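If you read the protein sequences in the order shown, they are chains A and B. Numbering of the first sequence is given in the numbering used here, commencing with residue 1 and proceeding in unit increments. Numbering of the second sequence is given in the numbering used here, commencing with residue 1 and proceeding in unit increments.
I should point out that these hints are in silico values taken from the structure, not numbers from a laboratory. Take these hints with a grain of salt, some might be off.
Intra- or inter-copy, both count: the list cannot distinguish identical chains.
[Stated by the list, open to error] Using 16 angstroms as the maximum straight-line C-alpha spacing, the simulated EDC-like pairs for lysine to aspartate or glutamate come out as follows:
no. : residue 1 : residue 2
1   : Lys20     : Asp112
2   : Lys20     : Asp105
3   : Lys137    : Asp95
4   : Lys5      : Asp126
5   : Lys48     : Asp145
6   : Lys5      : Glu68
7   : Lys137    : Glu8
8   : Lys5      : Glu79
9   : Lys170    : Glu75
10  : Lys173    : Glu50
11  : Lys170    : Asp32
12  : Lys82     : Asp105
13  : Lys35     : Glu66
14  : Lys137    : Glu68
15  : Lys35     : Glu140
16  : Lys170    : Asp7
17  : Lys170    : Glu49
18  : Lys173    : Asp145
19  : Lys83     : Asp7
20  : Lys170    : Asp145
Bear in mind the structure is a predicted one, so any value in this text is a computation, not a measurement.
Protein chains: 2
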Amino acid sequence: MALNKYDEIARAAIHLFNRKGYHATSVQDIADEVKLQKGSLYHYITSKEELLLQIVSRSINGFSHELEGIVNLPESATERLKKAIHHHFGIVAGDVEMTTVLLRDAFLLSQDQHKIIVVAMDRYLDHWVRILQEGMKSGEFREGDPRLAALSILGACNWVYRWYNPNGAKSAKEIADYFCELHLRGIVVGE
Amino acid sequence: MALNKYDEIARAAIHLFNRKGYHATSVQDIADEVKLQKGSLYHYITSKEELLLQIVSRSINGFSHELEGIVNLPESATERLKKAIHHHFGIVAGDVEMTTVLLRDAFLLSQDQHKIIVVAMDRYLDHWVRILQEGMKSGEFREGDPRLAALSILGACNWVYRWYNPNGAKSAKEIADYFCELHLRGIVVGE
């Protein structure tokens, strides 16, 4: 499927931010990458910063949207946590470049714009916390601090963008399975 | 104890990189912060990038140096892993600003300089992997992939710099204790 022009521009920017860094990437570079005159590019974007904000907003909302569905499934907390880990890995492994921009570059936004992303990231964390809370409340998970437990799992899963290699010996699915094993043993009663 | 001038400059830079960001911090800003003329500052540093390289090199070498001692202790892998987690938390919580520069800003270095830091970070990871390997080999830890298990624990511990709040309800020691519990249950046989 052909990307629409805006998506093509966003994809080019993601690629350039990964390769050259956000600061070293000029609007001209992005225009060159999508074969537009700089003036024409401005029909689609207002500024490089606005484009970064759009990219990271879409990215974190993509992470959250599906997780929200998982949290609300009529399944055990254990099952939902496994699905959450696989969901997160699926996005990271499926689009390391976009995840890198989200997790590495979002702080380069102005304070006000960064705040928007921090709030959206907190909302994503909240979904994880809810699974942990429900599992602890029902006795399925050991008692503990649901927020810290969520931060431990999510931290491990977030860090993946720094080391994941699509050509590595293990697939994203295999790594996610192993992470489920490690983290669920840490919290599930009787595991 | 008074810092020597170079340490004072490094500390000022760490503070400014945290507050304003690396790119938005000028050499003039650093000079102002330590009350030197820009010309005099250049007696101590060659460039902002060289200063960033020095800061992150020192930081990652600080992480590694003590961990190397822990890895070589004549203790069980479980004990050494607990000590490693506490060691890592101690540095992060003791100096969130420096850890932020290390884990957030190192990639802003030029490719060659960043490579130096990536190699040093890999060496730090290797120490963690060695504890995992030894525990798995002796049967103290469940069989698994020592590198992935190390990346899971280290990822969770690294992510701490993004959310740790020195004024939060739990101390760094309490959080580290809980992380030990979560991660050791995940790998230790019979836990």
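Results of checking the hints against the structure:
1. Lys20 / Asp112: between (25 angstroms within a copy, 13 angstroms between copies)
2. Lys20 / Asp105: both (12 angstroms within a copy, 14 angstroms between copies)
3. Lys137 / Asp95: For Lys137 and Asp95, the Cα distance exceeds 16 angstroms both inside one copy (35 angstroms) and across copies (35 angstroms).
4. Lys5 / Asp126: Neither. Shortest intra-copy (34 angstroms) and inter-copy (44 angstroms) distances fail the 16 angstroms Cα cut-off.
5. Lys48 / Asp145: neither (40 angstroms within a copy, 41 angstroms between copies)
6. Lys5 / Glu68: Neither: 29 angstroms inside a chain and 52 angstroms across chains, both beyond 16 angstroms.
7. Lys137 / Glu8: neither (46 angstroms within a copy, 49 angstroms between copies)
8. Lys5 / Glu79: neither (39 angstroms within a copy, 56 angstroms between copies)
9. Lys170 / Glu75: Answer is neither: 28 angstroms inside a copy and 31 angstroms across each miss the 16 angstroms cutoff.
10. Lys173 / Glu50: Neither way: Lys173 and Glu50 sit 34 angstroms apart in one copy and 40 angstroms across, limit 16 angstroms.
11. Lys170 / Asp32: Classified as neither: same-chain Cα gap 36 angstroms, cross-chain 50 angstroms, threshold 16 angstroms.
12. Lys82 / Asp105: Classified as neither; 28 angstroms inside a copy, 32 angstroms across copies.
13. Lys35 / Glu66: Neither, since 34 angstroms and 52 angstroms both go past 16 angstroms.
14. Lys137 / Glu68: neither (19 angstroms within a copy, 40 angstroms between copies)
15. Lys35 / Glu140: neither (55 angstroms within a copy, 58 angstroms between copies)
16. Lys170 / Asp7: neither (31 angstroms within a copy, 43 angstroms between copies)
17. Lys170 / Glu49: neither (36 angstroms within a copy, 36 angstroms between copies)
18. Lys173 / Asp145: between (28 angstroms within a copy, 14 angstroms between copies)
19. Lys83 / Asp7: neither (28 angstroms within a copy, 47 angstroms between copies)
20. Lys170 / Asp145: Between copies only: 10 angstroms across, 32 angstroms inside.
The earlier numbered hints that this structure contradicts are 3, 4, 5, 6, 7, 8, 9, 10, 11, 12, 13, 14, 15, 16, 17 and 19.
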